[in-house]
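Trainee: Going down the list, the protein sequences come from chains A, B and C. Here numbering that gives the first Met the number 0 is used: the first sequence runs in plain steps of one and ends on residue 279. Here numbering that gives the first Met the number 0 is used: the second sequence runs in plain steps of one and ends on residue 316. Here numbering that gives the first Met the number 0 is used: the third sequence runs in plain steps of one and ends on residue 321.
Simulated from the structure, these hints should not be mistaken for laboratory data. Hints should not be assumed to be uniformly reliable.
[What the hints assert, rightly or not] Subject to a maximum C-alpha distance of 30 Å in a straight line, what follows is the list of computed DSS-like cross-link-like pairs (lysine-lysine):
1. C:Lys109 to C:Lys138
2. B:Lys260 to B:Lys290
3. B:Lys260 to C:Lys109
4. B:Lys196 to B:Lys118
5. B:Lys196 to B:Lys119
6. B:Lys290 to C:Lys138
[Stated by the list, open to error] Label-pair restraints from in silico Cβ distances:
7. A:Ala81 to B:Met75: 43 to 53 Å
8. A:Leu18 to B:Pro84: 55 to 65 Å
9. A:Arg7 to C:Gln112: 29 to 39 Å
[As the list claims (entries may be wrong)] Heads up, incomplete: computed chain C residues facing chain B, CB under 7 Å, no partners named:
10. Asp187
11. Leu218
12. Thr259
13. Leu266
Model, not experiment: these values are computed from the prediction. Heads up, the beta-carbon is just placed ideally off N, CA and C, and yes, glycines get one too.
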Amino acid sequence: MNLLRHARYVLSENPVTGLAFGLFAMFLVAAIFGPLLAPYNPLQSNAAMALKAPSAAHWFGTDQLGRDIFSRVLVATRLDLAIAFASVILAFMLGALSGVAAGYFGGWTDRVVGRLADTIMAFPLFVLAMGIVAALGNKVVNIVIATAIINFPLYARVARAEANVRREAGFVEAARLSGNGEARVLLGHVLPNIMPIMMVQMSLTMGYAILNAAGLSFIGLGVRPPDAEWGIMVAEGANFIQSGEWWIALFPGAALMLAVFCFNLLGDGLRDIIDPRQRT
Amino acid sequence: MTALLDIAELAKRFEVGHKRLLHAVDEVSFTIGRGETVGLVGESGCGKSTLVRLINRLLDPTSGSIRLAGTELADMRARAFAGNPNRARIQMVFQDAGDSLNPRYTAADAIADPIRRLKKMSGAALKSRIEALADMTGLPRELLTRFPHQLSGGQKARVGIARAIAVEPELLILDEPTAALDVSVQVVILKLLQQLKHELGMSYLFVSHDLNVVRLLCDRVLVMYLGKIVEAGPAAELFADPKHPYTRALISAIPQADPDKRVGRLRLSGEPRSPIDPDPTVCRFYGRCPKGEPRCSAEMPVLRTVGPARQAACHFA
Amino acid sequence: MTAVPALAVEDLSVEFRTRSGIVKVLDHVGFSVDKGETVALVGESGSGKSVTAFAVMGILDPAGKVTSGRALFGGTDLLALSERDLAEQRGRELSMIFQNPRTALNPIRKVGQQIADVLVRHGGATRPDAPRAAVEMLKRVRIPDPERRAEAYPFELSGGMCQRIMIAIALACRPALLIADEPTTGLDVTTQAVIMDLIGELAHESGMATIFITHDLALAAEYCDRIVVMHAGHVVEAAPARELFAHPRHPYSAKLLAATPGETASLAELASIPGGLPDLRRPDLPACRYSGRCERRIDDCARPLPHRVLDERHVVSCWNPL
Numbered sequence: 000m001n002l003l004r005h006a007r008y009v010l011s012e013n014p015v016t017g018l019a020f021g022l023f024a025m026f027l028v029a030a031i032f033g034p035l036l037a038p039y040n041p042l043q044s045n046a047a048m049a050l051k052a053p054s055a056a057h058w059f060g061t062d063q064l065g066r067d068i069f070s071r072v073l074v075a076t077r078l079d080l081a082i083a084f085a086s087v088i089l090a091f092m093l094g095a096l097s098g099v100a101a102g103y104f105g106g107w108t109d110r111v112v113g114r115l116a117d118t119i120m121a122f123p124l125f126v127l128a129m130g131i132v133a134a135l136g137n138k139v140v141n142i143v144i145a146t147a148i149i150n151f152p153l154y155a156r157v158a159r160a161e162a163n164v165r166r167e168a169g170f171v172e173a174a175r176l177s178g179n180g181e182a183r184v185l186l187g188h189v190l191p192n193i194m195p196i197m198m199v200q201m202s203l204t205m206g207y208a209i210l211n212a213a214g215l216s217f218i219g220l221g222v223r224p225p226d227a228e229w230g231i232m233v234a235e236g237a238n239f240i241q242s243g244e245w246w247i248a249l250f251p252g253a254a255l256m257l258a259v260f261c262f263n264l265l266g267d268g269l270r271d272i273i274d275p276r277q278r279t
Numbered sequence: 000m001t002a003l004l005d006i007a008e009l010a011k012r013f014e015v016g017h018k019r020l021l022h023a024v025d026e027v028s029f030t031i032g033r034g035e036t037v038g039l040v041g042e043s044g045c046g047k048s049t050l051v052r053l054i055n056r057l058l059d060p061t062s063g064s065i066r067l068a069g070t071e072l073a074d075m076r077a078r079a080f081a082g083n084p085n086r087a088r089i090q091m092v093f094q095d096a097g098d099s100l101n102p103r104y105t106a107a108d109a110i111a112d113p114i115r116r117l118k119k120m121s122g123a124a125l126k127s128r129i130e131a132l133a134d135m136t137g138l139p140r141e142l143l144t145r146f147p148h149q150l151s152g153g154q155k156a157r158v159g160i161a162r163a164i165a166v167e168p169e170l171l172i173l174d175e176p177t178a179a180l181d182v183s184v185q186v187v188i189l190k191l192l193q194q195l196k197h198e199l200g201m202s203y204l205f206v207s208h209d210l211n212v213v214r215l216l217c218d219r220v221l222v223m224y225l226g227k228i229v230e231a232g233p234a235a236e237l238f239a240d241p242k243h244p245y246t247r248a249l250i251s252a253i254p255q256a257d258p259d260k261r262v263g264r265l266r267l268s269g270e271p272r273s274p275i276d277p278d279p280t281v282c283r284f285y286g287r288c289p290k291g292e293p294r295c296s297a298e299m300p301v302l303r304t305v306g307p308a309r310q311a312a313c314h315f316a
Numbered sequence: 000m001t002a003v004p005a006l007a008v009e010d011l012s013v014e015f016r017t018r019s020g021i022v023k024v025l026d027h028v029g030f031s032v033d034k035g036e037t038v039a040l041v042g043e044s045g046s047g048k049s050v051t052a053f054a055v056m057g058i059l060d061p062a063g064k065v066t067s068g069r070a071l072f073g074g075t076d077l078l079a080l081s082e083r084d085l086a087e088q089r090g091r092e093l094s095m096i097f098q099n100p101r102t103a104l105n106p107i108r109k110v111g112q113q114i115a116d117v118l119v120r121h122g123g124a125t126r127p128d129a130p131r132a133a134v135e136m137l138k139r140v141r142i143p144d145p146e147r148r149a150e151a152y153p154f155e156l157s158g159g160m161c162q163r164i165m166i167a168i169a170l171a172c173r174p175a176l177l178i179a180d181e182p183t184t185g186l187d188v189t190t191q192a193v194i195m196d197l198i199g200e201l202a203h204e205s206g207m208a209t210i211f212i213t214h215d216l217a218l219a220a221e222y223c224d225r226i227v228v229m230h231a232g233h234v235v236e237a238a239p240a241r242e243l244f245a246h247p248r249h250p251y252s253a254k255l256l257a258a259t260p261g262e263t264a265s266l267a268e269l270a271s272i273p274g275g276l277p278d279l280r281r282p283d284l285p286a287c288r289y290s291g292r293c294e295r296r297i298d299d300c301a302r303p304l305p306h307r308v309l310d311e312r313h314v315v316s317c318w319n320p321l
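Chain A on its own, in the form it takes in the complex (with noise of 0.2 Å):
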C-alpha cells in the first residue's frame, strides 16, 4: 500500500522520527499490556522493602510504603496516555469544530468563539485547569475536561487560520458548485484539508496534556493515592530527594520527559505521512 511505502520513506530519511516512532510503540505496549508485564503489583505495599535504592530485584527501587517502582511506573502509563488522549480527542472536536465555522463563515460565528478563546486565554491555563477540577470534583473524568478545556482556544485558533485561507481556494467554490450546502463543504471538504496541521496539533498537545495531567496530582487535584501516575509519583518522590532517595521522582520524571519528547517529534513525523503532497 502506498501509505506504507511513504512511511517507510520517511522513516529512513528521517531517523528521529523513527526514533519517536519506537518510543511511542514502547509506550502503547506499556499502556496496553502494562499489569501484565509488572513484575510486581503495584499497589501491593512491603513495609520491610521501604525506600531501597535500584537494584537487580527491583529496577527502579522502591517507594516510602515499599511498592515497586518500576511497576508503578509501568502501570501509570496507561492512566497517564489514556487521560492524554481523551483529552486531547475532547479539545480537537471542541475546538476544530468551532475554528473551522469561525474561520469559514466569519461573522457573528467567528466573534462568538474568539471571545471565547479570548477569556480562556485570559487565566493563565494552569489555573484555570485547577479551578474547574475544583469546580466540578476531584475526579480523573475533570482532569479531562479542563485539559480540554484550556486547550481550546490553541485548536480553535490553528483550525480558523487554515480555514480562513482555504475559503478563497478554488475547490471550494468548486465544491460549492457542485452542489454541496455550506456544512458539507465545511466538513468533507475543509476539515480533511486541515486534518496534517491538526494531526501535529494533536500529537503536540498529547505532551501538554501528560503534563497538565501530572501537574494537577502532583498538587494533589484529580488523580488520588494509591493510583500510580507519574504526577503523583513525582509528588511523592521530591520529598524525599533531600533525604536522599533520589529514585522515587527521578524514575516517574523521567518516565514523563520521555512521553513528552516522544509525542513532539511525532506530531511532525506524523504530519509528513499524512499529507498526501509529501507523497511521490
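With the hints as your guide, set chains B and C onto chain A.
Mentor: Just chains B and C now, with coordinates in the frame of chain A:
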C-alpha cells in the same frame, strides 16, 4: 437563436466602509444563445470575476436579472443555491486547475462529487459514469486514482473539465482555462473544449485575457472595463475593426511578431479610475483615453448599436 | 560581429539531486548575448530556461550543481567565482527581475528605501543621498508622482507599479546585463506592453544587454533581437527573432510556432506537439532529447548533436533540420 442566458441590468456593489460603494459590476446586460461561445475580455479590476460569480450564483447581485432559459435565478439566494434544482445547469472550469481540485481528493473523487450531490448516483452507475467522463476528456483511466499533485498541468485541466461537464450543464463558464498551461497543451485542451461543446450541446462563456485565444474560440466577444461592457460584437469583426478606444488599446497590446503588422497602435498610460463611488456622468475611460472631449466628462456613454450586431459605449464610435 | 559578447555561456550542464534520482536538467547549453542586445530564452515548462538564469546568477537551489561549463562575463567566469565575489557583481553589474513582482519585493519596507538600499550597497551612494537618487530612479521608470510613491509599501501598489519598482531596483546601478525571468506573466496585456517598452528603452539608453526568459514566442519576437529556443535542457535553435519566425529550422521550433495562436490561425490549424518531455532521470538519454517525439528522426539522430551554423547568427542543433 433563442437566448439561453439573458442578463439584464445586472449590478453588484460592495460596501467599502463609511457608506462608500465599490461598483464591481454596473448595470450589465447581454445574452448568450444556445450553442454560442461568448468571450468576455477585460483586465484585472474590470469586474469579470465578480460577473462570473454572479452568473454561476456563488454571489448574490445587488440588482438586476439573470434568466436561464426563462427561469429567473437572481432571486435565488447564493448560500442556498447548492441545493437548488437549477444548480447543475450552470457549471465552471477554473483558471488554476490545481487550485480548484481538493488536494485530498483523488481525480475520481473530484469528478464524482457533483454527480453524487446533484445526480444522486452511486455505486456501479457512478463508477461507469466517471470512466465515461474520463474517456470523453482524454484522461487515461489509470490516472483516476491519483491525487492532484501527482498529475501534470494538462491532466489536472482534464479532471477539472470532466468534473464540470459531469452533470451535463447547459451553460459552461470557462475562466481562463488554459492560462496556466504550456502552449502545446493549450492547443489540445482548446480543441477538446470545442469538441465537447458540440457533443454535449452546451453554451460557453469564455473569460480570458489572452485575446488570441478568444479570437480562436468565440463567436461573439464582450469587452469589459471598470464594471461596464464597453463593446460587444462578433469576434472576427471586433478584432479587425474595434470601435471603442479601450478595445483598440487591448488589441494593440497583443505582441506581434511581424513588424509590418504593428500599425495603428494605441498605448495606454496611467491607471484606471477608481471603481469606488464613480461619477455617474463621467465616462469610465476618461483620462486614459487618447480622446478626451468635454462631452466625455459630462455624459456617460451608453452601450448602443453602432453597426450590425455591433455595440459600443463611446460617444465617438 | 567581433566584439566580445556581454555574456557568453559555454557548455553549461546542471544536475539536480532529487528523491527519485539525479536529474540532468541542463546539458551543454551555450549561447551569447552582445552588448546592447536583447536575447530571449524561450521554452515550455521543463525546458530549463529559468535554471540557466539561476545558474549564471549563482542562485541555484542547493540541490542543483553545475557539472560543466563557463559563463564568461566581462572576462570572468561567473561560475568559478566565490560567493562573495559573485555577490559583489550581483546588483551592480549583473541584475535580475522576477515573475510576480509583488512577492519579489520586501513587503515591510517602503519601495523608495528598497531602491536606496541597492544604491548604497553597490552604487556608491551615501545614506543621506540615497533617497534622492531613489526618487530619480522612480522617475526613470516613469512612475507618476515619484516623491509620494517612494513612501509607499508594495501592497499599496498595483502589479504593474511593483514591476516598475523591481526594474528600478535592478537598474539602479546601471548593470551591464539584466536577466528578466517572465517579468510580465501575470500582468495585464496593456501593462505588459508598457513594461516591455520600458525595459527596451532603458536597455537602449545604457547599452545594457538583456536576457529575457519567456514561454510566449510572440512576446519574444516583438521585443527581442534574437531568440534562443530550449527544449529539455538543450538549446535547439538560436536565430534573430524575425528569422526564427519566418524560417524555423529545428522541428521543435516549427512545432512551437504551429501551436501558438496568432491572428491568422483557426483552431483547426493549430497543432499540438506530439509526445512529451523525456524523463531526465534516465541514464540512457538519447543525444537529442527531442528525437523521441520528432517526426523527422533519422538514424543519424543517435549521434552527438551537431551545431550547424546556417548563416550569420542562426544556429541549429539538428541532424535533419527543416
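Trainee: State for each hint whether it applies.
Mentor: We went through each hint and held it up to the structure:
no.	hint	in the structure
1	C:Lys109 to C:Lys138	16 Å, holds
2	B:Lys260 to B:Lys290	23 Å, holds
3	B:Lys260 to C:Lys109	42 Å, violated
4	B:Lys196 to B:Lys118	21 Å, holds
5	B:Lys196 to B:Lys119	24 Å, holds
6	B:Lys290 to C:Lys138	26 Å, holds
7	A:Ala81 to B:Met75: 43 to 53 Å	51 Å, holds
8	A:Leu18 to B:Pro84: 55 to 65 Å	57 Å, holds
9	A:Arg7 to C:Gln112: 29 to 39 Å	50 Å, violated
10	Asp187	4 Å, holds
11	Leu218	4 Å, holds
12	Thr259	5 Å, holds
13	Leu266	5 Å, holds
Going down the numbered hints, you'll see the structure goes against 3, 9, while the others check out.
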